[in-house]
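Going down the list, the sequences are from chains A and B.
Numbered by numbering that gives the first Met the number 0, the letters in the first sequence go through residues 0 to 349 in order.
Numbered by numbering that gives the first Met the number 0, the letters in the second sequence go through residues 0 to 277 in order.
It should be emphasised that the hints constitute simulated quantities derived from the structure, not laboratory data.
Values in this document were obtained by computation on a predicted structure and should not be read as measured data.
All residues carry an ideal CB built from backbone N, CA and C; glycine is no exception.
Do not take every clue at face value.
Which chain B residues face chain A? A few, computed with CB under 7 Å, are given here [as the list claims (entries may be wrong)]: (1) L18; (2) A23; (3) M24; (4) T47; (5) L48; (6) A124; (7) G219; (8) L228; (9) T252; (10) P254; (11) I261.
Chain B regions said to be covered by chain A (calculated; three or more residues, Cβ under 8 Å) [what the hints assert, rightly or not]: (12) 95-101; (13) 132-146; (14) 155-162; (15) 207-217.
Cut-off 16 Å, straight-line C-alpha distance, at most; resulting in silico cross-link-like pairs (EDC-like, lysine to aspartate or glutamate) [unchecked claim]: (16) B:K55 <-> B:E65; (17) B:K126 <-> A:D314; (18) A:K1 <-> B:E170; (19) B:K264 <-> A:E158.
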Amino acid sequence: MKAKTFLAFVAPSVASMLLLIALPLVGVVFLSVYQSYVKTELREVTTEVPLFGGQTREVTRTVPQPVLDENGDTIFIWEYVGGRNLREASEIEGVVETFRGPFPQNERLGGKLNHVYKRISNYDFWSALEFTLLYTFFTTPAILIIGLGVALAVNRVTEGLRGPLVFISLLPMIVTPIVSSSAIFWMFLDNGIVSVILEQLGFGQIYFLSNQISTRILIILYGIWFAAPFAFIILYAGLQTMPRDPLESAMIDGANAWQRLRYVIIPHLTPLLAVITMIHVMDAYRVFEPILVFGTSVYANSVQYLTYFVLGVQDNIHKAAAYSILTIIGVVILLIPILRHTFKEQKAIN
Amino acid sequence: MRKRNSFFLTAITNSGLGLWLFLAMFPFFWMFLISLRTPVDAFSSNPTLFAPVTFKHYFHVWFVDEFWRYGINTAIVTLATVAVSLTVGCLAGYALARYGGRMGFWLLVAALVFRALPHVVLLTAYKPIFYEMGLWSRYEILIIVLVAINQPFTIWMLRAFFRSIPKELDEAAMIDGCTRWKAFRLVIIPVMWPGVITAGLFSFILAYNDFLIASQLMSGDMTTMTAALGNYMGQNRSMERLMHGIAGSVSVTIPLLFLILIFQKQIVEGMTAGAVKG
């Protein structure tokens, strides 16, 4: 295909991405280095304050008032602030100060590190990043193991049953995330079915959503439940392409089920395990719905939810833009290994 | 010995599988069950499988809270998103599959980076820009935003699919005197539908499931069903409100169940296309 024809064919797609993805990224950088506010001035305002018995008194106070232009509209001021938003959002000064000390006396290195960790995870951004990383760290191996287990199990079942099994397994992944996280949330309410059953079994009333540890565990379990089907489907497809010969010769050589799994099946699936890890890490980085639904951002926050909160609830676009910049830096760091791999492959082709 | 071992193995894998199926299904099953109950029965301290059935939450959500309006919005937005992103994506996917130059590679890399971006980053820019331009709460805006966000994934997937169509097919047409565009229209379009349906399903799921963007760019009567669920959330709502949220959630889930039932094969193929074939 000629370059000219190529450009004509990709033009609409490229235009949509340039206009609505690339350009907004530039916009975010722009927003993050500015601060905007309504221009105000201090003016003396006299108001009549009611006393008692219908009497009033005049009070004069100096209050900030919006400045109006000739049309009677408020004036918006855009002020260039450079890296200030970014510094404030990342709370870099606090972090640096924490590392400077003073550290608690009479503590070994472990205690000091713990002190630093506690101080830093008190800052909004760092605590959101902390939970995002914890979420990624715990869900990734879990979905690989569960996905592989389910794929192996479904592979042993008779052909006719596999369709319904795949259907049920797809549910957690395909159903609207906001609905699936709500479905879990409702089971763990103080009078939800899981809490009630645990109480009847003699565990006492457990308030799952009112302390940090259980909230975090719940969100991570949700993440595993939500993403395991994805790992399962891909590994299941991988098992279908598995050649029969190595497995059979392993059996003839007397390998037991575990040895066959360890030395024949897993090596065959390794590239797929890598792909799943890569895609899941990208998705885990933008975990959002469970944090919104569980309504517990005090205990467990994510970078994406924090930005959403600052943007949608606090309505502070400049701070949200600064968080977005930090998010983009994170994405780039995540993508480095993948991009390096892609470039190597491209070089090999050329 | 071998027989007994494999019996144990089957017992273990099957019970594990059973546990997984129960876990995968139960939250939805329970949600559906309690959506038909009065709040007292739904969150009773003595949960039962059977309780008096009531449809009043559904009635309230659909006709008092006017969920039907949001349903129409969702239908318009999702269907338009699927149509536009497939049209645009097919052209690009086909070109990427047939073009061997550098530009194609860079476009794919850029798409990969865009695919990894959390959507809230883009939203941060959309909000002030669309607000300044007065483009608020309009179908067109939500549709083109969803199309653009869908593009990276769509072009990767369709490129993989178009590569599986033999090159000789359109090249033969071009030797017979067709232009590239004519060859695409006459030779490729008739055989591309299986791949297009698969890509369309994923566009559909993304647009239908989107909460973040619709909840921020649409307001009032223009919200989609998924974004409207936000109205029922939060820990401090009354029991009635909570029950309405459950009925609304079930309503949002049902179309997806039919979608998986009908297109299960294509969904599985689409998910594995990129990963397994490389």
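(message) Of the numbered hints stated earlier in the document, which are not met by this structure?
(response) 1, 4, 5, 7, 10, 11, 14
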